[in-house]
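These protein sequence lines map, in sequence, to chains A and B.
Mapping to the working numbering: the first sequence position 57 is 57, numbers consecutive.
Mapping to the working numbering: the second sequence position 3 is 3, numbers consecutive.
Don't take every hint at face value.
Stated by the list, open to error - Heads up, incomplete: computed chain B residues facing chain A, CB under 10 Å, no partners named:
#, residue
1, Gly-47
2, Leu-59
3, Arg-117
4, Asp-119
5, Ser-122
6, Arg-167
As the list claims (entries may be wrong) - One side of the interface only, derived from the structure: several residues of chain A facing chain B at Cβ under 8 Å:
#, residue
7, Leu-8
8, Ser-10
9, Gln-11
10, Pro-15
11, Asp-18
12, Gly-20
13, Gln-24
14, Met-38
15, Val-39
16, Val-43
17, Ala-45
Calculated directly from the structure, the hints in this document are not laboratory data.
Even glycine gets a Cβ: it sits at the ideal position worked out from N, Cα and C.
The chain contents come next:
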Amino acid sequence: MTDNLDDLLSQPLPPVADNGFSRQVMARIRKEEQRRFMVVGIVAAILATLVCLLVPWQALLPRVDMAPLLHALTHFETSLAAVGTPLSFAAGVLLLIYLYDRKLLQI
Amino acid sequence: MSVSEWQAQEAAAALAIRGDAAAFGVLVRTHQSHLRGFLLRLTKGNGALADDLAQETFLEAFKKIAQFSGGNFFGWLCAIAWSRYLMEARKRKLENLDDQPEIADDVPEAETASLIRHDLESAMAELHPMQRAALTLCFALGQSNEEAAQTLNIPLGTLKSHVNRGRAKLAHLLSDWRKVAVS
Numbered sequence: 001m002t003d004n005l006d007d008l009l010s011q012p013l014p015p016v017a018d019n020g021f022s023r024q025v026m027a028r029i030r031k032e033e034q035r036r037f038m039v040v041g042i043v044a045a046i047l048a049t050l051v052c053l054l055v056p057w058q059a060l061l062p063r064v065d066m067a068p069l070l071h072a073l074t075h076f077e078t079s080l081a082a083v084g085t086p087l088s089f090a091a092g093v094l095l096l097i098y099l100y101d102r103k104l105l106q107i
Numbered sequence: 001m002s003v004s005e006w007q008a009q010e011a012a013a014a015l016a017i018r019g020d021a022a023a024f025g026v027l028v029r030t031h032q033s034h035l036r037g038f039l040l041r042l043t044k045g046n047g048a049l050a051d052d053l054a055q056e057t058f059l060e061a062f063k064k065i066a067q068f069s070g071g072n073f074f075g076w077l078c079a080i081a082w083s084r085y086l087m088e089a090r091k092r093k094l095e096n097l098d099d100q101p102e103i104a105d106d107v108p109e110a111e112t113a114s115l116i117r118h119d120l121e122s123a124m125a126e127l128h129p130m131q132r133a134a135l136t137l138c139f140a141l142g143q144s145n146e147e148a149a150q151t152l153n154i155p156l157g158t159l160k161s162h163v164n165r166g167r168a169k170l171a172h173l174l175s176d177w178r179k180v181a182v183s
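Just chain A, with the same shape it has in the complex (with noise of 0.2 Å):
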């Protein structure tokens, strides 16, 4: 009877056929790394936002001339007019690769 009986334990478990378990589990796993990615993006950018606000630039620069700069932030409209056309190839482009890579766009 012992015998018989580990013989009847031994025989492999009856196999149990996909029907697109796996493809369920890849699909699951491709939204899990989604949501990491973009939970992962916020924090970065959340983080990137309160270190620009927090540390005290002008303490930290006193002697870099910002005007420069102040002037390129003021007239932004007109500096984007003036490289307008290249600048909006080069950021239809960067949307272009952003949307393919999160497979938002299928070529």
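Starting from the known structure of chain A, arrange chain B on it as the hints suggest.
Relative to chain A, chain B alone:
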């Protein structure tokens, strides 16, 4: 498992550790049948619950893949599956989990193909989950006692005790049923 299969599995695990999702997909396809079979037995044939637990197991394995230190990947998966099963059992209260129908309707055909196997599965359902897991790992899945003890996170002596008690109870149940069938 042949040497080449073992090497392929090791290579896939190494790639998965480096974040290669496709390599992890290979591991999922390789091990899904055995893992779901193991969980199907733990859950007494509750296919839906077994599949949910298997999905959670693979997801957790992917998240913690960096912690896999090489060796038996399937054993590592079984350890995650066992802890997931215990968590689910506690959540549902173990009694309720044990109150599931012994052989549910959604058991694959192969499971009910032979009466002997059906008897074995019914008798298995009478055992304590730890005995069920220990017997399945040591016999049907071919793990050594040491590997099974590691998977279930119990001392080797405790594992052997579960195996012996489970086997004795199974023998008792099966011989009782045989007597009833003969009479």
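Verification of the hints:
{"no.": "1", "hint": "Gly-47", "verdict": "holds, 9 Å"}
{"no.": "2", "hint": "Leu-59", "verdict": "holds, 6 Å"}
{"no.": "3", "hint": "Arg-117", "verdict": "holds, 7 Å"}
{"no.": "4", "hint": "Asp-119", "verdict": "holds, 9 Å"}
{"no.": "5", "hint": "Ser-122", "verdict": "violated, 13 Å"}
{"no.": "6", "hint": "Arg-167", "verdict": "holds, 6 Å"}
{"no.": "7", "hint": "Leu-8", "verdict": "holds, 6 Å"}
{"no.": "8", "hint": "Ser-10", "verdict": "holds, 5 Å"}
{"no.": "9", "hint": "Gln-11", "verdict": "holds, 7 Å"}
{"no.": "10", "hint": "Pro-15", "verdict": "holds, 5 Å"}
{"no.": "11", "hint": "Asp-18", "verdict": "holds, 6 Å"}
{"no.": "12", "hint": "Gly-20", "verdict": "violated, 11 Å"}
{"no.": "13", "hint": "Gln-24", "verdict": "holds, 7 Å"}
{"no.": "14", "hint": "Met-38", "verdict": "violated, 16 Å"}
{"no.": "15", "hint": "Val-39", "verdict": "violated, 13 Å"}
{"no.": "16", "hint": "Val-43", "verdict": "violated, 18 Å"}
{"no.": "17", "hint": "Ala-45", "verdict": "violated, 23 Å"}
Violated hints for the displayed structure, listed by number in ascending order: 5, 12, 14, 15, 16 and 17.
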